[in-house]
Structures are given as C-alpha cells and as structure tokens.
Amino acid sequence: MSANTNPKQKALVIILIILGVVFTAFFGMRALRAFKKFDGHRPPPHGKVETDVELIREWMTIPFISHTYHVPDKIIFEALGISPSENHEKSLEDINTEFFPDNAGYVLDVVKKTILAHQPPPLPDSAPTTDVPPTAAPVP
Amino acid sequence: MSEFLLTQIINFGTPLVGFILFLGALGLPVGASVVVIAAGAFGQQGILDIPTAAVYGLIGALIGDTLSFGMGYYAKDAVQKRLGNSPAWKNATGGFQKNAGLAVFFTRWLITAVAIPTNLIAGSSGYKYSHFISYDIAGEILWIGLYGGLGYLFGSEWELVSDFLSNFGGLILGIVLFGFGIQQALKWQKTKQG
Chain A
87 MSANTNPKQK
97 ALVIILIILG
107 VVFTAFFGMR
117 ALRAFKKFDG
127 HRPPPHGKVE
137 TDVELIREWM
147 TIPFISHTYH
157 VPDKIIFEAL
167 GISPSENHEK
177 SLEDINTEFF
187 PDNAGYVLDV
197 VKKTILAHQP
207 PPLPDSAPTT
217 DVPPTAAPVP
Chain B
-13 MSEFLLTQII
-3 NFGTPLVGFI
7 LFLGALGLPV
17 GASVVVIAAG
27 AFGQQGILDI
37 PTAAVYGLIG
47 ALIGDTLSFG
57 MGYYAKDAVQ
67 KRLGNSPAWK
77 NATGGFQKNA
87 GLAVFFTRWL
97 ITAVAIPTNL
107 IAGSSGYKYS
117 HFISYDIAGE
127 ILWIGLYGGL
137 GYLFGSEWEL
147 VSDFLSNFGG
157 LILGIVLFGF
167 GIQQALKWQK
177 TKQG
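Quick mapping for you: the protein sequence lines, in order, are chains A and B.
To convert a position in the first sequence, counted from 1, into my numbering, add 86.
The second sequence: position 171 = 157 (my numbering), numbered continuously.
Chain B with its partners taken away, still in its complex shape (with noise of 0.2 Å):
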C-alpha cells in the first residue's frame, strides 16, 4: 500500500500528501508515518514543496482526526447505553478524562497505532472538543515536523529513519500496556490489603 502510495505522491505532488494523512487519521493502513517521512526526504530532493506539504499534511491529519472523534461522538448514546452503568466503563472514562490531553497528544507522534481509538474514545466520553482539536494540533504539528524534518536530514536514506522510528513506536506501545496493566494489578493488591 505505501509502496503504491510513494509512487503517487511522486506523480501528483503535496496534495495527495495531504488526502493521505486524511485517510490515516481515519484508520486507514495507509502507512502515514512513512508518508510523513518520505515527504520530507522528497522535499530535499526538490521533489516536493516542503511548507506547502507540512500545511497539506497538517489539514488532512486534522479533519480525518475530527471526523474519528465525531464518530466517538456519535457513538456516545449507544455506549452510553450499553456500558454507561458499568462500573469499569465509569472508571474507564473517569481515568481518560484525567489524562486525555496527554493521550491525545502522545498518540499524534509517538504512540502513533492507537491515536484512532484515542480519538473514538475521547469522542464517546464526552471529552470536550476545543481540548481536543488543541492537544492534537500540537501533537500533529510535532509528528509532521520531527518525522518529516528526519525525511530531509536523511534525504534519499530516509528508510532507515522509517524503520527505526516505526520499530520504536511498537516499543513503547508496548511498555505503555505493561505499565498499565501492572499499575491496575497494583491497584488491586491495594484495595484488598486496604
């Protein structure tokens, strides 16, 4: 898919750029990251207009990030409906309003797999809009400008920046869900000691 993708974005300039990061930030495996990368690298090649990517890619990745937590939005009642007595759902929604801004902002660029259920999940919760949109422009801004300013350091060598940083987001991904999942259990041991 990226593949296909790279080779369009040679042939139509920044503008698929920016329909590209629209897609993805409606859960599309369109492979963003890459195309965030790979734009930059093609900017140092004078390939692509770098300014008039970074704006294209910056509004795509921000409607499709408003249409998914419209999406949450809508969504709201049913949850609402089906696990809105639940304790869990209570505690859930309670602990992400807590941290939702840094959520937000740490899924636009670092943790960049679970940015989509960030953003149905800030949608269904009730998670004010203005907040959102603010934290994700500045996440947004952020992943576009470190990961495409790495696709120009890197130039025509900027696969290896792209499998580095693709690798590292799993990583901490994964210390993330075991961070979690230890802080509950501890949580637990607590409760029944308390």
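Chain A with its partners taken away, still in its complex shape (with noise of 0.2 Å):
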C-alpha cells in the first residue's frame, strides 16, 4: 500500500481482509458439517407419508403434524386431553406453555409417542411377489 494512501481507507481494507477471513472460516466450517449430513441423504420421494417422528417441531400445529404423519388429529388433541376447537392454530410450544407450564417438553414428547403408536402401516417397497414355489409334480 502507497504511502499516501488515506489511513482511513487502509485501516478500512484491513477490516475487510480480517472480516473476509474470518468469515469464510467460520462460515465455511458449518457449511461443510451442513453439507456432510447431506452425505447419503437423497430426497425423500413425492408423496412419501412422513414417518420419522424426529423432524416433528415445536413450531408445528397439530392439524399439520396430522396432515404430514397421516394420524387424525383427534387422535393427538385426545392424548394431551385438550380441546381441538380452540388450539387448532397453536404451536406445539404455545400449548405447552398454556396447559403445561412446568413440563418443558411434554407435548412434544407425547405428540411423538401418539404419532408413532397410530402411524398407518408402511407401504411396502415392491408389490408381493406371486411366484409359487415349484412343486413336485403328482406322481400318477
């Protein structure tokens, strides 16, 4: 850098290269941990019903966790034993705090657990196969 550079503007470039760094650095390490749990992992294909309980959020409702896992939501609304009619647009948090304020957790926890014991059953891969076993022929 020249000597009759602005110091203003070279403290300013100095900044940039730190802060450029830094970032990449930072940025670049959670992408790539981001971009391992890719690794294997295609996407699920259309009209998958949702089995795995696991990506179930707190932010969720639960006609939209009924809607994604196939399970009625009446189901769901009789296991917290709360009324459907005026918690339909609540968060999965909302009504933990409302109904169950020193369970952190609980609704979430029982959502699962009712998701996963009235799932439809799986479909299955391939069709059945309708081969018969070779029998012996009848001996005359």
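Since the hints were derived computationally from the structure, they do not count as laboratory data.
Be a bit skeptical, because a hint or two may be false.
[To be verified] In silico SDA-like links for lysine to any residue, alpha-carbon gap of 20 Å or less:
hint, chain 1, residue 1, chain 2, residue 2
1, B, K76, A, Q95
2, A, K96, B, Q(-6)
3, B, K176, A, P93
4, A, K199, B, Q(-6)
5, B, K173, A, L102
6, A, K96, B, K173
7, A, K123, B, A124
8, A, K94, B, K178
9, A, K176, B, Q(-6)
10, A, K94, B, F164
11, A, K96, B, F164
Hey, can you piece these two chains together into the complex? The hints should help.
Now the structure itself:
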C-alpha cells in the first residue's frame, strides 16, 4: 500500500480482509458440517408419508403434524387432553406453555409417542411376489 | 422469529409468505430465505399452493426492494452533501455503477446478507431504477425458484437445505470481502510502484 494512501482507507481494507478470513473460516466450517449431513441423503420420494418423528418441531401445529404423518388430529388432541377447537392454530410450544407450564417438552414428547403408536402401516417398497414355489409333480 | 412465522404461515397461508418477504426486503430480520425454503416444503406437503406462494412472494420481495431502493434515492442529497466531494465516495460510487447489475443480481439469491445495503447504495448513488428492477426481478425469481425448489424437493427434511444454504451464503460473503480487500491492496501496491 502506498504511503500516500488515506489511513482510514488502509484500515478499512485491513478490516475487510480480516472479516473475509473470519467469515470464510466460520461459515466454511458450518457449511461443510451441513453438507456432511447431506452425505448419502437423497430427497424423499414424492408423496411419501412421513414417518420420522424426529422431524417434528415445536413450531408445528397439531393439524399440520396430523396432515404430514397421516394420523387424525383428534387422536393427538385426545392424547394431550385438550380441546381441538381452541387450540388447532397453536404451536406445540404455545400449547406446552399454556397447559403444561411446569413440564417443558412434554407436548412434543406426547405428540411423538402418539404418532408412533398410530401411524398407518408402511407401504411395501414393491408389490409382493406372486411366484408360487415349484412343487413336485404329482406322482401318477 | 422464524419459528413464530412458520407457525403463522401454516395457519394463514400464502398471503403471509408475500408479507414476510416484503418485510425481509425492508431489512427486518425475518429469515426470508428460511421462509422461502419452508414454503417450498409446505407446497410439497400440500399445505400451500406453490404457484400462488411464488407469485405472492415475488410481489412482496419486489415491493420491499423498491422501497429500500427509494430510501437510498431520497437520502441521496444528504449523502451527496456529506460525502459528495470525498474522492473515496466518488471512487466507490463509480465502482458500484460499473458492477451494480451483478451486485443487485447476486445479492438477491447468493449473498442475501448484503441485499439491503446494496439497495440503499443503488438508490443513493443514482443507479437507474429501470436497471435496478430488471436485475432485481431476475435475482428474486432465481432465489424463489432455487430455494423454494430445494424445499419442495426435500419436503419435511427441508431444514437440511436451509442449514446448508444459510452457511454457504456466509462463506461466499467471506470470500467476496476477502477478495475485494486483496484487490484494493494490490491496486495501491501497483500505484505505489507506478
């Protein structure tokens, strides 16, 4: 850098370079970690009914979970012992705060268990084989 | 913030997607990219109508971008009065005008963290609105199509995509800052030698 360069500009460029290095290192590591989660992970087939309850989050509503996991919302509301009419727009977190304030994570836990207990049976990956095993020819 | 908004999108549907992207384009920390990815996933799950969500989202983002460009535009006189005679400002605005189209386009979908400063600088540096909006539309369509499309593809596993893209954007921003800083340093070095 030239001696007649404005010191403020010089400082700005140094800050830019330092920020660039910090951002690259910080977000680069996080991006790499996020990318590793993709490893071997393919998009789910279209129309697949979700079965992994670990994907349930506290911001979700019960009708949304019911729709995603194909379990009637009535069953989930019953498991929690609350009325569907006044609570269908509330997130799991809001329901927990309102009805079970001393038991953090209770609603999420009950919803996961209820979904696991009431999920429709998984569809087979392929149609069952109709081949009949060969049998011995009848002896005349 | 994002989580509260996701619950509301489930409840109120596509108009809210447009409103959130509008707020995001004004600089409010609403997690607009997360919302676009989630909206794509909700579309795949049959919660939102994808074309309607995309149109609402695009309109919201474009109105927000136009307003933030306008803020820069109306602050132009004050900025000129304060910095107009500074060679650094003249240099910076000249450099911006040369690459403004690319800056607007790439900050819509790749380096979204600096979209608002770009809008403000574009407005205050006298960049033509017709040029701004053309690059803006192209960038926002790509943003909604790419991020929403990945959300659609991954469905209920959209958080994987969101986690990667948000960090990837930060990584690109870091590389750009570093590259720009080095470029400036080399320029000064050349001037010194010449």
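Hint by hint, here is what the structure shows:
1. B/K76 to A/Q95: The hint holds at about 13 Å.
2. A/K96 to B/Q(-6): Outside the cut-off at roughly 47 Å; violated.
3. B/K176 to A/P93: 17 Å, holds
4. A/K199 to B/Q(-6): 25 Å, violated
5. B/K173 to A/L102: OK: B/K173 and A/L102 at ~15 Å, within 20 Å.
6. A/K96 to B/K173: 12 Å, holds
7. A/K123 to B/A124: 31 Å, violated
8. A/K94 to B/K178: Distance of about 17 Å is within 20 Å: holds.
9. A/K176 to B/Q(-6): Distance ~9 Å between A/K176 and B/Q(-6) Cα, so the pair holds.
10. A/K94 to B/F164: Roughly 18 Å between the alpha carbons, so the hint for A/K94 and B/F164 holds.
11. A/K96 to B/F164: 14 Å, holds
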